[in-house]
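For the record, the sequence lines run as chains Z and C. Counted the way my numbering counts, the first sequence spans residues 1 to 187. Counted the way my numbering counts, the second sequence spans residues 1 to 264.
Hint data in this document are derived by calculation from the structure and do not stem from the laboratory. Do not rely on the hints blindly, as some may be mistaken.
Claimed, not checked - One side only, chain Z facing chain C, incomplete, derived with CB under 7 Å:
| no. | residue |
| --- | --- |
| 1 | Phe38 |
| 2 | Trp40 |
| 3 | Phe41 |
| 4 | Ile44 |
| 5 | Lys53 |
| 6 | Tyr55 |
| 7 | Ala56 |
| 8 | Phe57 |
| 9 | Gly118 |
Said to hold, decoys possible - Keeping only pairs whose Cα atoms sit at most 25 Å apart, straight-line, the calculated SDA-like set for lysine to any residue is:
| no. | chain 1 | residue 1 | chain 2 | residue 2 |
| --- | --- | --- | --- | --- |
| 10 | C | Lys9 | C | Glu183 |
| 11 | C | Lys99 | Z | Ser74 |
| 12 | Z | Lys124 | Z | Arg138 |
| 13 | Z | Lys54 | C | Leu53 |
What the hints assert, rightly or not - Here's a subset of chain C near chain Z, in silico, CB distances under 10 Å, partners left out:
| no. | residue |
| --- | --- |
| 14 | Gly49 |
| 15 | Arg72 |
| 16 | Gly76 |
| 17 | Leu110 |
| 18 | Thr111 |
| 19 | Leu135 |
| 20 | His261 |
In this text, all values refer to a predicted model and were calculated from it rather than measured experimentally. Cβ atoms here follow ideal geometry from the backbone N, Cα and C, with glycine treated the same way.
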Amino acid sequence: MSQQPDTLTGHHMEVPVSHAEAGAEHEGSNSAISGAMFFWFLTIFVVAALILKKYAFGPILTALDQREEEIEQSLENADHLQRELATLDEKVQTKLDDADQKVRGLIDSGREAAREAGKVIEAKAKEEAQIVRENAQREIASEQGKAENALRIHSAETAVAMAMKLLHRELDAKGRKELTDQLIEGI
Amino acid sequence: MSVNSIAEKTEQVTEYISHHVMDGGAWSLGTLHLDFASANLPAAFRLSGLMSLMGASFLCWMYCKVYNHRARVPRGWTNLMETFVVFVRDEISIPYLGKEDGRNYAWLFLTQFTLILTLNLMGLFPIFATPTSSLSVTGALAFTTFLAMIIWPVQRYGVVGFMKNFIPHGVPVPVLFILIPIEVMSLLIKTMVLAIRLFANMLAGHIVLFAMIGMTVIYGAAALPAIGLGLFVFFLEILVAFLQTYIFVMLSAIFVGQMLHPEH
Numbered sequence: 001m002s003q004q005p006d007t008l009t010g011h012h013m014e015v016p017v018s019h020a021e022a023g024a025e026h027e028g029s030n031s032a033i034s035g036a037m038f039f040w041f042l043t044i045f046v047v048a049a050l051i052l053k054k055y056a057f058g059p060i061l062t063a064l065d066q067r068e069e070e071i072e073q074s075l076e077n078a079d080h081l082q083r084e085l086a087t088l089d090e091k092v093q094t095k096l097d098d099a100d101q102k103v104r105g106l107i108d109s110g111r112e113a114a115r116e117a118g119k120v121i122e123a124k125a126k127e128e129a130q131i132v133r134e135n136a137q138r139e140i141a142s143e144q145g146k147a148e149n150a151l152r153i154h155s156a157e158t159a160v161a162m163a164m165k166l167l168h169r170e171l172d173a174k175g176r177k178e179l180t181d182q183l184i185e186g187i
Numbered sequence: 001m002s003v004n005s006i007a008e009k010t011e012q013v014t015e016y017i018s019h020h021v022m023d024g025g026a027w028s029l030g031t032l033h034l035d036f037a038s039a040n041l042p043a044a045f046r047l048s049g050l051m052s053l054m055g056a057s058f059l060c061w062m063y064c065k066v067y068n069h070r071a072r073v074p075r076g077w078t079n080l081m082e083t084f085v086v087f088v089r090d091e092i093s094i095p096y097l098g099k100e101d102g103r104n105y106a107w108l109f110l111t112q113f114t115l116i117l118t119l120n121l122m123g124l125f126p127i128f129a130t131p132t133s134s135l136s137v138t139g140a141l142a143f144t145t146f147l148a149m150i151i152w153p154v155q156r157y158g159v160v161g162f163m164k165n166f167i168p169h170g171v172p173v174p175v176l177f178i179l180i181p182i183e184v185m186s187l188l189i190k191t192m193v194l195a196i197r198l199f200a201n202m203l204a205g206h207i208v209l210f211a212m213i214g215m216t217v218i219y220g221a222a223a224l225p226a227i228g229l230g231l232f233v234f235f236l237e238i239l240v241a242f243l244q245t246y247i248f249v250m251l252s253a254i255f256v257g258q259m260l261h262p263e264h
């Protein structure tokens, strides 16, 4: 049997020289069941299964179940909270609608009150304006009276002055006429 | 290149492939050469035995040490390993065994799934070999399913109940003489088919892969495109490794589920 290194797989290659030698290695053939290998692998499997069941798969499956339960619980809680939120939303909406209606009522009543107040103020203003107007008219009348009196006094004084001038001057008819015209123009 | 030279190289490659698919007693790690056969060690310490031990140890190390059991949100390797656990439990164990049994017996299918996948993928790394291309290994794996098909129903229904479930109701007694051997054979055949399917698929993949690479040894540079084909087969082997693992474990779950719930 010649030995050749296997560069592809790293397995040591023992190429059988003859078919007889190949037949001798039949026990090592993969297609034949070797009892020792069968029980050796069975032992490996059982030991690995026991270790993995106790230290790996058992705890992992328990943890997964717990996590799934937690997630399910969280989802239920979230669902419950969502329902509560929807209920609260409805309540808030109802309260907002109520508040809206109240505000509208307040605004309407405010407008009405403002309108009433406006009317009162307007009436009062009119009344005050009337008083002011009457006062002004009275004042005008009073001033007019005063002016007439002043005019009357002035006219009288002028007439007296004219009469005095007529008396003090001896005027002919022509001169009187000129004087009279002058006085008239002066008036 | 002469015809004789090609014939010699073809014979060499054929011998190499047939040697490679045999469970040899030696393992080379670069300069280190381990010859188990000459050390007169038991057959269990042949290459497949050693690879199986390494694969199982690696698996236990990964799930017991690398897996972060305290992580609330799994990441990285923990996430990958947990994906396998969730997949086997939710897609294989529970659908075929029911919710209660699927959870209780998931550990067996998880061990089968992770171990077979590890062993299948080992051969794709240059310094390792694929133990699942040995019929002894796949036979032992199938035997664990066989044990589960017998032990768990017996635990649940008792020996008499198991036998009653094993044989269809209302069958005349004379027919039982024919039916019982058929049912026993069916049970054994199911187990053997599991073993042979996995073994044949893993072995065939290796033979095809080495045949592709061997073409470059026989025909030289003219066969360089075969390297590309070999690369394609390599990726196909990855797919086959996952697919055969899934098929083996799924069929195991179906067989065990049939025995645990004979009414379905």
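Hints, verified against the model:
A least Cβ separation of about 5 Å between Phe38/Z and chain C falls short of the 7 Å threshold, and the interface hint therefore holds. Look at Trp40/Z: its Cβ gets to within about 3 Å of chain C, closer than 7 Å, so that hint holds up. Against a cut-off of 7 Å between C-beta atoms, the interface hint on Phe41/Z holds, since the closest Cβ of chain C lies about 4 Å away. The beta carbon of Ile44/Z is positioned within 7 Å of a beta carbon in chain C (closest approach about 5 Å), and the interface hint is therefore held.
For Lys53/Z, the shortest C-beta to C-beta distance to chain C is roughly 4 Å, which falls under 7 Å, so the interface hint holds. The interface hint given for Tyr55/Z is met, as the beta carbon of that residue sits about 5 Å from the closest beta carbon of chain C, less than 7 Å. Nearest Cβ of chain C to the Cβ of Ala56/Z: about 4 Å, under the 7 Å cut. The hint holds. Taking 7 Å as the C-beta cut-off, the interface hint given for Phe57/Z holds, the closest approach to chain C being about 5 Å.
Taking 7 Å as the C-beta contact cut-off toward chain C, the hint placing Gly118/Z at the interface is violated, the least distance being around 70 Å. A hinted pair counts as satisfied when its Cα atoms are at most 25 Å apart, and Lys9/C with Glu183/C does not qualify at roughly 50 Å. Taking the CA atoms of Lys99/C and Ser74/Z, the gap is near 22 Å; set against the 25 Å cutoff, the hint holds. Between the alpha carbons of Lys124/Z and Arg138/Z the distance comes to roughly 21 Å, so the proposed pair stays at or under 25 Å and holds.
For the hint pairing Lys54/Z with Leu53/C, the CA-to-CA distance comes to about 19 Å; that is within 25 Å, so the pair holds. The criterion of a C-beta within 10 Å of any C-beta in chain Z is met by Gly49/C, whose closest approach is roughly 5 Å, and the hint holds. Contact between Arg72/C and chain Z, as hinted, is supported at the beta carbon level, the nearest pair being about 8 Å apart and thus within 10 Å. For Gly76/C, the shortest C-beta to C-beta distance to chain Z is roughly 15 Å, which exceeds 10 Å, and the interface hint is violated.
Using the Cβ-Cβ criterion of 10 Å, the hint placing Leu110/C at the interface with chain Z is satisfied: the shortest such distance is roughly 5 Å. Residue-level restraint check for Thr111/C holds (minimum Cβ-Cβ distance to chain Z is 4 Å; threshold 10 Å). A least Cβ separation of about 5 Å between Leu135/C and chain Z falls short of the 10 Å threshold, and the interface hint therefore holds. A least Cβ separation of about 21 Å between His261/C and chain Z goes past the 10 Å threshold, and the interface hint is therefore violated.
Checked against the numbered hints above, the structure violates hints 9, 10, 16, 20; every other hint is satisfied.
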